[in-house]
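Here are the chains, one letter per residue:
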Amino acid sequence: MSTQEVADIHVNRDDIRSRMGMWLFLFSELLLFGGLFFMYSVYRFTHQQDFSIASKEMNIFLGTLNTVILLTSSLSMALSIVAMQKGKRGLSIFYQIVTILFGLSFMVNKVIEWSHEFNAGNFPGSEVLLSRPPGQILYFGLYYSMVGLHGLHVLVGMSIIGFMTVFTIRKKITKDNYVKLEAAGLYWHLVDIIWIFLYPLFYLIT
Amino acid sequence: MEKEVEIMSGETLAASNYGNEVSYLDYQGKHKGILGWLLSTDHKKIGILYLMTIISFFAVGVTLGFLIRLELLAPEGTIVGPQAYNEFFTLHGIIMIFLVVIPVIPAVFGNYFLPIMIGAKDVAFPRLNLLSWYLYIIGGTLLLLAVVLPGGAPDTGWTFYVPYSVRTGTNMIFTLSALFIVGFSSILTGINFLSTIHRMRAPGMGWFKMPLFSWALYATSWIQVIVTPIVGITLLMVIIERVFHVGVFDPTLGGDPILFEHMFWMYSHPAVYIIIVPSMGVISEIIPVFSQRTIFGYKFIACSSIGIALFGSLVWAHHMFSTGISDTAEFIFSLLTFLVAIPSAIKVFNWTATLYKGSIKIEPPLLYALAFIFLFSIGGLTGIIQGALSVDIYLTKTYFIVGHIHYVVFGGTGFGLFAALHYWLPKMFGRMYNKKVAKVAFWIVFIGFNVLYFPFFILGWMGMPRRSYHYLPQFQVYHVVATVGSWIMVIGIIIMLLNLLFSLIKGKRIVEDNIWGGETLEWKISTPPTFENFEEIPQIVDGPYEYKQNQDAVLEEEVK
Numbered sequence: 001m002s003t004q005e006v007a008d009i010h011v012n013r014d015d016i017r018s019r020m021g022m023w024l025f026l027f028s029e030l031l032l033f034g035g036l037f038f039m040y041s042v043y044r045f046t047h048q049q050d051f052s053i054a055s056k057e058m059n060i061f062l063g064t065l066n067t068v069i070l071l072t073s074s075l076s077m078a079l080s081i082v083a084m085q086k087g088k089r090g091l092s093i094f095y096q097i098v099t100i101l102f103g104l105s106f107m108v109n110k111v112i113e114w115s116h117e118f119n120a121g122n123f124p125g126s127e128v129l130l131s132r133p134p135g136q137i138l139y140f141g142l143y144y145s146m147v148g149l150h151g152l153h154v155l156v157g158m159s160i161i162g163f164m165t166v167f168t169i170r171k172k173i174t175k176d177n178y179v180k181l182e183a184a185g186l187y188w189h190l191v192d193i194i195w196i197f198l199y200p201l202f203y204l205i206t
Numbered sequence: 001m002e003k004e005v006e007i008m009s010g011e012t013l014a015a016s017n018y019g020n021e022v023s024y025l026d027y028q029g030k031h032k033g034i035l036g037w038l039l040s041t042d043h044k045k046i047g048i049l050y051l052m053t054i055i056s057f058f059a060v061g062v063t064l065g066f067l068i069r070l071e072l073l074a075p076e077g078t079i080v081g082p083q084a085y086n087e088f089f090t091l092h093g094i095i096m097i098f099l100v101v102i103p104v105i106p107a108v109f110g111n112y113f114l115p116i117m118i119g120a121k122d123v124a125f126p127r128l129n130l131l132s133w134y135l136y137i138i139g140g141t142l143l144l145l146a147v148v149l150p151g152g153a154p155d156t157g158w159t160f161y162v163p164y165s166v167r168t169g170t171n172m173i174f175t176l177s178a179l180f181i182v183g184f185s186s187i188l189t190g191i192n193f194l195s196t197i198h199r200m201r202a203p204g205m206g207w208f209k210m211p212l213f214s215w216a217l218y219a220t221s222w223i224q225v226i227v228t229p230i231v232g233i234t235l236l237m238v239i240i241e242r243v244f245h246v247g248v249f250d251p252t253l254g255g256d257p258i259l260f261e262h263m264f265w266m267y268s269h270p271a272v273y274i275i276i277v278p279s280m281g282v283i284s285e286i287i288p289v290f291s292q293r294t295i296f297g298y299k300f301i302a303c304s305s306i307g308i309a310l311f312g313s314l315v316w317a318h319h320m321f322s323t324g325i326s327d328t329a330e331f332i333f334s335l336l337t338f339l340v341a342i343p344s345a346i347k348v349f350n351w352t353a354t355l356y357k358g359s360i361k362i363e364p365p366l367l368y369a370l371a372f373i374f375l376f377s378i379g380g381l382t383g384i385i386q387g388a389l390s391v392d393i394y395l396t397k398t399y400f401i402v403g404h405i406h407y408v409v410f411g412g413t414g415f416g417l418f419a420a421l422h423y424w425l426p427k428m429f430g431r432m433y434n435k436k437v438a439k440v441a442f443w444i445v446f447i448g449f450n451v452l453y454f455p456f457f458i459l460g461w462m463g464m465p466r467r468s469y470h471y472l473p474q475f476q477v478y479h480v481v482a483t484v485g486s487w488i489m490v491i492g493i494i495i496m497l498l499n500l501l502f503s504l505i506k507g508k509r510i511v512e513d514n515i516w517g518g519e520t521l522e523w524k525i526s527t528p529p530t531f532e533n534f535e536e537i538p539q540i541v542d543g544p545y546e547y548k549q550n551q552d553a554v555l556e557e558e559v560k
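Residue numbers (my numbering), protein chains in the order written: chain A, 1 to 206; chain B, 1 to 560.
Careful, some of the hints might be misleading.
[Said to hold, decoys possible] Quick list of in silico lysine to aspartate or glutamate cross-link-like pairs, EDC-like style, CA-CA up to 20 Å:
id: 1; chain 1: B; residue 1: K121; chain 2: A; residue 2: D192
id: 2; chain 1: B; residue 1: K524; chain 2: B; residue 2: E536
id: 3; chain 1: B; residue 1: K121; chain 2: A; residue 2: D15
id: 4; chain 1: A; residue 1: K180; chain 2: A; residue 2: D192
id: 5; chain 1: B; residue 1: K361; chain 2: B; residue 2: E536
id: 6; chain 1: B; residue 1: K30; chain 2: B; residue 2: E546
Keep in mind that the hints were calculated from the coordinates and are not lab data.
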């Protein structure tokens with residue numbers, strides 16, 4: 001991805017080291033979600049029928065729209081890094097802001113989707129949900145916690161990119177030193193990848 | 001401005017006194033006084049911050065353990081009621097495991113000595129390192145809040161089994177968030193160490209020229225990064241279940257409590273290795289130094305750390321043999337449990353083989369290291385007993401397991417910590433403790449330890465259930481012996497810690513760099529180390545334990 005390899009080990013800066021730290025962090029983030037995916041697979045196995053019934057209630061249109069939005073935002077994030085590599089600071093800032101806006105529209109869609117569910121009384125702890133069979137309670141429990149935790153990551157990712165934009169404006173991220181922006185990009189792609197798994201698990205498989 | 005000039009001149013003055021640079025203890029950075037400690041990103045100062053906070057938590061944990069033993073002096077209640085008793089053993093477990101033995105050796109001695117041992121000036125991400133300490137403090141504070149706030153301290157036992165942890169009225173949310181945050185701190189430390197070991201070894205230091213302590217930390221850091229998120233998400237789900245009534249583990253909401261146990265032990269069994277492997281690394285450092293002999297089977301010890309990390313992550317369900325998991329699963333997990341004993345045994349045999357024909361100097365660090373081998377062997381072998389399916393069904397949830405965990409965790413990591421304190425503290429502060437007092441304290445702790453915990457095995461064999469407030473009168477004699485043992489051990493620990501503390505204030509100053517005759521890099525820099533550790537990054541040629549004794553044959557030939 002990058003040709004920039006500053007690696008004087010005993011001077012403060014070592015981009016490979018920074019990137020390695022970020023990858024390890026992403027690895028532990030993946031395992032955090034891995035725990036949830038594990039729970040999902042166990043309960044999907046033990047409550048197949050209920051999961052199938054519950055997943056048919058999902059709004060596939062909004063889910064697909066959000067997938068498209070998030071995938072495109074990964075593109076704009078990658079473009080902002082390429083722009084920075086080529087020294088086009090203004091363009092990089094533009095793409096960063098575009099990425100944040102994509103993230104924002106993802107969240108707006110999420111709010112619309114959840115408020116529909118909540119209006120239907122289909123929220124955790126509600127009587128409507130608790131009167132359903134155990135497998136469906138589990139399905140919605142996992143849906144709200146996994147998608148909710150992912151949404152939290154989207155918000156964190158957006159604010160990280162926001163900080164990067166400030167750093168870029170203040171010229172702390174430059175053509176020769178953009179490892180921070182790269183790390184933010186990696187985080188954003190992680191958020192994207194997790195969604196790529198959440199989307200089929202909750203919306204497509206029935 | 002004037003002040004700055006003063007600092008500058010002070011620095012240059014001190015610098016001329018000490019040679020090239022001042023000791024890190026006298027070093028003046030951007031901030032002075034207490035802020036110079038709280039905002040310092042120096043790995044040595046962060047190690048000492050950890051040392052102070054963890055020893056404080058250790059004192060709290062010991063006090064709780066002492067009170068638990070006092071309570072069990074008689075079959076009926078003595079000093080506290082049943083609810084307080086439940087809170088005591090829960091807090092004792094949580095504090096000792098999550099706040100003391102899991103972080104202690106990596107966070108204190110890993111932070112302090114890992115960069116020095118591999119010839120680096122700091123860890124890979126110094127600011128992240130300081131953040132880890134603050135996260136640890138935030139976690140610790142949240143736990144204290146859980147104790148003092150209305151609602152009461154957690155009473156679930158340190159395992160937080162669902163459904164009780166979802167339903168109890170005590171401050172579970174504070175407790176679980178505390179552990180989530182401490183876990184985050186643990187992950188960040190792991191990431192930091194992995195990047196440090198991969199990228200910052202001195203030129204010439206290949207993987208198999210690293211000191212064994214770094215190998216141990218390397219294996220531990222991988223476990224920390226891989227399994228801590230699992231318990232993080234599990235505890236988080238219990239919080240979510242409590243707050244939002246989301247159905248995950250609670251059977252009334254459709255959940256499966258056994259799944260909680262699986263996910264809890266997926267972390268908490270490997271956590272045993274987070275606890276013990278760094279301590280094994282300390283022992284691997286101490287044994288060759290005090291027998292003045294190259295460590296026997298360097299590569300085997302190094303690789304067995306990795307082996308333990310691998311196998312240790314695959315045996316979690318042996319905590320659950322009595323929960324009704326399938327026979328096939330029980331068989332596989334039992335087999336894997338037996339296999340994980342192999343790498344641990346490799347280490348024990350290599351340590352004893354290193355001692356063989358060495359020129360042994362009986363100093364306090366070696367005494368603690370030998371006690372480690374002895375106690376850890378008992379702990380390990382009793383673990384194997386419980387790994388056998390038929391025996392475990394009989395012994396599970398009795399005092400036998402309590403004896404086993406204390407022999408492994410206290411006899412292992414506790415004694416490893418004491419060994420490390422006696423081995424490295426003089427280097428860290430440039431002052432020597434009273435060795436005679438240290439040896440006396442060792443024998444008191446060692447005897448007290450065995451008097452306290454050995455009766456647990458007998459009690460367990462007789463069927464005394466763990467965590468119970470009342471017990472049958474025929475168990476009393478063993479409980480009395482154990483309680484007397486706890487008094488002996490606490491006296492020993494107090495003498496030991498006071499001796500160390502006193503040495504920091506009044507101890508004899510040390511000028512030589514190499515206090516014990518070690519060959520690793522920390523003994524080649526000044527005592528206490530300078531702010532930057534090394535004036536010049538060393539070139540590594542030899543392995544870490546090249547002692548003269550091994551060259552005797554060559555020397556003799558040369559003489560002839």
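Status of the hints after comparison with the structure:
no. : hint            : verdict
1   : B/K121 / A/D192 : 37 Å, violated
2   : B/K524 / B/E536 : 12 Å, holds
3   : B/K121 / A/D15  : 17 Å, holds
4   : A/K180 / A/D192 : 19 Å, holds
5   : B/K361 / B/E536 : 32 Å, violated
6   : B/K30 / B/E546  : 40 Å, violated
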